[in-house]
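J.: Based on the hints, put chains B, C and D in the right spot on chain A.
Protein chains: 4
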Amino acid sequence: MVGVGLIGTGFMGKCHAMAWTSVRTVFGDVGPVRLVHLAETSAELAKQRADEFSFDKGSGDWRAVIEDPSVDVVSITTPNQFHPEMAIAALEAGKHIWCEKPMAPAFAEAEAMLAAARRSGKAAVLGYNYIQSPAIRHIATLLGEGVIGKVNHLRVEMDEDFMADPEAPFNWKHAATSGYGALDDFAVHPLSLVKALFGRVASVMCDMSRPYADRAVADGGRRPVETHDIASVLIHLDNGVSGTLLVNRSAWGRKGRIAVQIFGSKGSILFDQERFNEFQLYVTSDRPTEQGYRTILAAPVHKPYDRFIPAPGHGLGFNDLKTIECRELIRRIEGKPANLIEFDEGLEIERTVHAMARSFEEKRWVNVR
Amino acid sequence: MVGVGLIGTGFMGKCHAMAWTSVRTVFGDVGPVRLVHLAETSAELAKQRADEFSFDKGSGDWRAVIEDPSVDVVSITTPNQFHPEMAIAALEAGKHIWCEKPMAPAFAEAEAMLAAARRSGKAAVLGYNYIQSPAIRHIATLLGEGVIGKVNHLRVEMDEDFMADPEAPFNWKHAATSGYGALDDFAVHPLSLVKALFGRVASVMCDMSRPYADRAVADGGRRPVETHDIASVLIHLDNGVSGTLLVNRSAWGRKGRIAVQIFGSKGSILFDQERFNEFQLYVTSDRPTEQGYRTILAAPVHKPYDRFIPAPGHGLGFNDLKTIECRELIRRIEGKPANLIEFDEGLEIERTVHAMARSFEEKRWVNVR
Amino acid sequence: MVGVGLIGTGFMGKCHAMAWTSVRTVFGDVGPVRLVHLAETSAELAKQRADEFSFDKGSGDWRAVIEDPSVDVVSITTPNQFHPEMAIAALEAGKHIWCEKPMAPAFAEAEAMLAAARRSGKAAVLGYNYIQSPAIRHIATLLGEGVIGKVNHLRVEMDEDFMADPEAPFNWKHAATSGYGALDDFAVHPLSLVKALFGRVASVMCDMSRPYADRAVADGGRRPVETHDIASVLIHLDNGVSGTLLVNRSAWGRKGRIAVQIFGSKGSILFDQERFNEFQLYVTSDRPTEQGYRTILAAPVHKPYDRFIPAPGHGLGFNDLKTIECRELIRRIEGKPANLIEFDEGLEIERTVHAMARSFEEKRWVNVR
Amino acid sequence: MVGVGLIGTGFMGKCHAMAWTSVRTVFGDVGPVRLVHLAETSAELAKQRADEFSFDKGSGDWRAVIEDPSVDVVSITTPNQFHPEMAIAALEAGKHIWCEKPMAPAFAEAEAMLAAARRSGKAAVLGYNYIQSPAIRHIATLLGEGVIGKVNHLRVEMDEDFMADPEAPFNWKHAATSGYGALDDFAVHPLSLVKALFGRVASVMCDMSRPYADRAVADGGRRPVETHDIASVLIHLDNGVSGTLLVNRSAWGRKGRIAVQIFGSKGSILFDQERFNEFQLYVTSDRPTEQGYRTILAAPVHKPYDRFIPAPGHGLGFNDLKTIECRELIRRIEGKPANLIEFDEGLEIERTVHAMARSFEEKRWVNVR
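So the protein sequences, as listed, match chains A, B, C and D. Read left to right, the first sequence gives residues 1 to 369 (full-length UniProt numbering). Read left to right, the second sequence gives residues 1 to 369 (full-length UniProt numbering). Read left to right, the third sequence gives residues 1 to 369 (full-length UniProt numbering). Read left to right, the fourth sequence gives residues 1 to 369 (full-length UniProt numbering).
So here's chain A without its partners, still in its complex pose (with noise of 0.2 Å):
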């Protein structure tokens, strides 16, 4: 019986409910789940809450969750400011951890956390779903087993277009005060799936710019835009293979994307997260003149999209993606193998984006350690 605490209940916090409630049933092979306390910013809708969630309790103090003994493990999904210190006090009283990524807007509280993690023992998980997804697990296994032979270069493309309204008032996302832009909003998922399918970066050259110069304040003025809305990053992988990244949340058009292209010696695979119950592979044992790219459906094959769906097909939704997450945070507890970026790796990822926001300033390449 895993006890579940919950902080949060926005997006991501009813994300994270939906995945504990259905995992279980889902799985089969997960031991029951309570969902036992969640936290929101007042009592009252914290009890609202709990009560549409299906959690025992609802408190208006998120260390009352922290405190609660029948809590095993704790959801954070609030803003990343906050996630330093929930992350570490929940640590410290003795619980597993699943936060949402990233970590935290500054790298010292970020390694803070790391350290936490580090003396408590327990699992330390960050919110990368992306990377559960069967197509994304097939790809690694392909990769694996070198069917597109070696890996030789490598494209990622993240762009979504919740930014590109240039009527859009400033809000707090367009202030320094949030971070760079699109390299610490979103950049982070492209990079949880270059980790997960090939290790981590090297060295990066990194350019941002921004598609609108200002925006339109409440008192009718207008103030400069401080966050880049655009990054492009040349990358040099640990193993020696080159990429680039390539970021944009003013994107118009793109809703969700995450385009993947990886080029091997026999072959090459293109994935896209808009589309991310399927994936396109091509192969140079096909007789030359069938070659081409196959797009290849999610299946019960590819595991473990059969524990939804027992026909090829039907399709997988992004909330599914945070239940296998939870499975495997679960299998992780009770000390298995598991599919999952841990505060180690994910610091590593904030690293990178660290560095590449070092090199935009100093206009040259750097070394992410």
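It should be emphasised that the hints constitute simulated quantities derived from the structure, not laboratory data. These figures come from a predicted structure and were not determined experimentally. By construction, the Cβ of each residue, glycine as well, lies at the ideal position given by its N, Cα and C atoms. No incorrect hints appear here.
Once the Cα atoms are required to be at most 27 Å apart in a straight line, the calculated DSSO-like pairs of lysine-lysine come out as:
{"no.": "1", "chain 1": "D", "residue 1": "K173", "chain 2": "D", "residue 2": "K363"}
{"no.": "2", "chain 1": "C", "residue 1": "K266", "chain 2": "B", "residue 2": "K173"}
{"no.": "3", "chain 1": "B", "residue 1": "K266", "chain 2": "D", "residue 2": "K303"}
{"no.": "4", "chain 1": "A", "residue 1": "K266", "chain 2": "C", "residue 2": "K303"}
{"no.": "5", "chain 1": "A", "residue 1": "K266", "chain 2": "D", "residue 2": "K173"}
{"no.": "6", "chain 1": "A", "residue 1": "K363", "chain 2": "A", "residue 2": "K173"}
{"no.": "7", "chain 1": "A", "residue 1": "K303", "chain 2": "A", "residue 2": "K266"}
{"no.": "8", "chain 1": "B", "residue 1": "K336", "chain 2": "B", "residue 2": "K303"}
{"no.": "9", "chain 1": "C", "residue 1": "K303", "chain 2": "C", "residue 2": "K150"}
{"no.": "10", "chain 1": "B", "residue 1": "K57", "chain 2": "A", "residue 2": "K57"}
{"no.": "11", "chain 1": "A", "residue 1": "K150", "chain 2": "D", "residue 2": "K173"}
{"no.": "12", "chain 1": "C", "residue 1": "K266", "chain 2": "A", "residue 2": "K266"}
{"no.": "13", "chain 1": "C", "residue 1": "K363", "chain 2": "B", "residue 2": "K363"}
{"no.": "14", "chain 1": "A", "residue 1": "K363", "chain 2": "D", "residue 2": "K363"}
{"no.": "15", "chain 1": "A", "residue 1": "K173", "chain 2": "D", "residue 2": "K150"}
{"no.": "16", "chain 1": "A", "residue 1": "K173", "chain 2": "D", "residue 2": "K266"}
{"no.": "17", "chain 1": "A", "residue 1": "K303", "chain 2": "C", "residue 2": "K266"}
{"no.": "18", "chain 1": "B", "residue 1": "K150", "chain 2": "B", "residue 2": "K266"}
{"no.": "19", "chain 1": "D", "residue 1": "K57", "chain 2": "C", "residue 2": "K57"}
{"no.": "20", "chain 1": "D", "residue 1": "K266", "chain 2": "B", "residue 2": "K303"}
{"no.": "21", "chain 1": "C", "residue 1": "K173", "chain 2": "B", "residue 2": "K266"}
{"no.": "22", "chain 1": "B", "residue 1": "K266", "chain 2": "D", "residue 2": "K266"}
{"no.": "23", "chain 1": "C", "residue 1": "K150", "chain 2": "C", "residue 2": "K266"}
{"no.": "24", "chain 1": "B", "residue 1": "K150", "chain 2": "C", "residue 2": "K173"}
{"no.": "25", "chain 1": "B", "residue 1": "K303", "chain 2": "B", "residue 2": "K266"}
{"no.": "26", "chain 1": "D", "residue 1": "K303", "chain 2": "D", "residue 2": "K266"}
{"no.": "27", "chain 1": "B", "residue 1": "K173", "chain 2": "C", "residue 2": "K150"}
Residues of chain C placed beyond 12 Å of chain A at every Cβ, according to the derived structure:
{"no.": "28", "residue": "F11"}
{"no.": "29", "residue": "R34"}
{"no.": "30", "residue": "K47"}
{"no.": "31", "residue": "D51"}
{"no.": "32", "residue": "K57"}
{"no.": "33", "residue": "G60"}
{"no.": "34", "residue": "F82"}
{"no.": "35", "residue": "A116"}
{"no.": "36", "residue": "E167"}
{"no.": "37", "residue": "W172"}
{"no.": "38", "residue": "G179"}
{"no.": "39", "residue": "F198"}
{"no.": "40", "residue": "D272"}
T.: Just chains B, C and D, lined up with the frame of chain A:
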């Protein structure tokens, strides 16, 4: 508080369990759900599944579920042949029912089910979940608004390949006792979309064929296949629109395809269930030099996508459609307007299937009613 | 040296002129071509076009072309109603002919054309150029090799939108005198592909419909439309394979679609003329975890693509198909094996179209022969 | 009457011959073209090709073509290293020239070619035919109209797989004497599109890599590869727009891909040369519930598609782009406005390529000028 009973815990049984488990967390606007009682073929299996699916009780006799006073609504997910007895018993016991499609192998049995539903005054809902996707629901809205003008032609295809392997041995679906073949096995799905988008079918002209004349049996011999994996049907709708319905369960490469093409006087719409998080729209109001099919990704603006994810292009899964259906069912039970196919329209779909089979038999156009 | 005559210099006349102009440069392996004599409706226009198209001579009377002793082969590209007289005269004058499809409005006339061809012993070839694309030719090879096993089902669609606008006034194609509508207007194209890939059609069951009941005429009133823009046909081939042929010339958004789906016991093949430089292949010999449709781009390995471009994926155009056809015609004239639809099979295609029309009229299955 | 000379009859030579042969038939609005004189490496081969390509004469010495008084314009399609001598000689002989790209291996030679062109006052045009496709030309129009607002970011990729096979032996393109590798081998193509759509590149930051360190040589040993098949470049345009240019000639599965992504303040545009008869447009002026990328097929409304085919969606071929270029060249010769890349902008493209190579060498941002 809705008390839930569940009969059958296979693919669709699990699917119902997941929907009942998640519906309140996802939607927030439905009352609490209590998973009361499930039934399986043995008490032992029932207990195991009750544990996995978080039901209070499990019984080896489905009548125990129906007689349980804490049960308000019964999910019936057993093989089709058991639907009539169970559904009628449940309705007579004063339960609402959520029954998987099709209703029954024989039309008379389906009629008896409808009669029982009418007598009971309870909700009697069928599991046609494909009508629930945000894309299909938005297409219905667009048709209602006349965005593509007056519809004048319709093409629907449904194809999978689970019967495509000629080396697979003879099984019960190849015997005439199982029904007609692709027609009742899955033509009911595209017919649910036709119903949801356009209304009833008036007349049909059907052809059927067998890709493989016979199949291996256990004793080493071969047995003639008695059902038809392929059906191609010319249709006229009640509203005068002509169209075609083509189904094939031996279509290598197709996994969960339900391809819809809708032609109107001012545009057209395309949809494919294999990529049900998107649809395509062509409208003549675009400037001639830029007319083309728009690929529109499901997004929060397409209700109720927003209840699952607040960002566009992230994708729902097959099971999410069942959760939407579950919420509609609860609304129906609560006496609110709901988007569902109940026994009356379900019977109409089965009447249409039987008319198709008769048309093939008699090699002529047949009126459905 | 082949001496070329051309009757008609509209769309298809220009298309023939371009093919005759380019064929030797492209293929190298055909003898010299001399553009001798073309005819238009007036001597003046004929001269202008002879100048533009680099023909030696232009006449206002088509008989001058047929009687020209330097002309060996005559391209006939006039409206269908003129084909019989011109083709028969040319054949009787000892010329080979390259005649645009369909042969003639009335079946008896087409029969007379075939009889004339047989009497003359000359090549009498129809302009079914879609069978010439490298993709279609390679698909024929794959079918012959049994790459997708034994074919068991076939779906063909042809859709364009040139008749889709309800505001367009009544024109000659809406009058019964022009024929049946979509059936003879363009169903002959997909039938040429059926012929090239599978052979003859044995029996048909056809439905037709009119998207728009009437259209505006010049005097301000409206006139009933007499032809059918939509035809949907169930078909059985001579080889026992079942299929469907669906055509629609009022299909908003479709521009030059000829979509083919071929299902076999070991795989399937997809093709769409709107992207005729590619096709899709699914084979069960691929490992189950990587089975999917391969998108194969036309390449030099798909003959005779290499005669146009030595690099893959660069793309042939519609007019190039005509150039390939022209080279096949020259080979035919030279007595070599050639891939063409001549009058005998052309007549068979028209027999099939008339059978479809009769089936619709009589609401029953009709045998083509 | 334009008298045409041709030097070289390989792939591009044949391509020029086909363009010169067809241009008047296709366009009608250009004067007569006479194929006067071609040159090959031997008199014998030259005569054979003159026969095949319908030229009046063939010579074994290219100077004979340049000195032929009937020749007005010379197509130069020999390997790059011969361009400077031939181009300068032809210009000095008072001929217009149509020279394949890139101009020359060394920048100083390219400069000399431009100087010769300026002295002569003749047309000196480069064969950048990708800018001629109806889709690209229409995209330029849309950008000019501001349909996607102010462009703020650009991504261009060019990928083929002709160098992807690690088993292929060392050839001249692997030697440093051939140039940098992918950069000069084909990055010039996407740069021609950047030039046509946006203008000049201001500064670059380039990374290059080698998929295969060495390759087999004839004596059984292996030789280190000296050129780079992969180049990834961060770019800033003169107009301030940022972007990336990524090229890879070892990209298994890619055949003729030139993928362009253009992001603006009101929409975005996508294009891929592998399907150059279409492009995609996203605009925010569409209703939010129906915003999506439109796939727009090339049609007669996209000039000069109509000169080839009067129906939409039927598709031009690669060689047709050369015919369009040829017509622009004739217009240029006739003193009319023409859409071409001449030596001045061609030199700019090569300056950009050399700046990229220097950036890679020096690991820093380099200004092009």
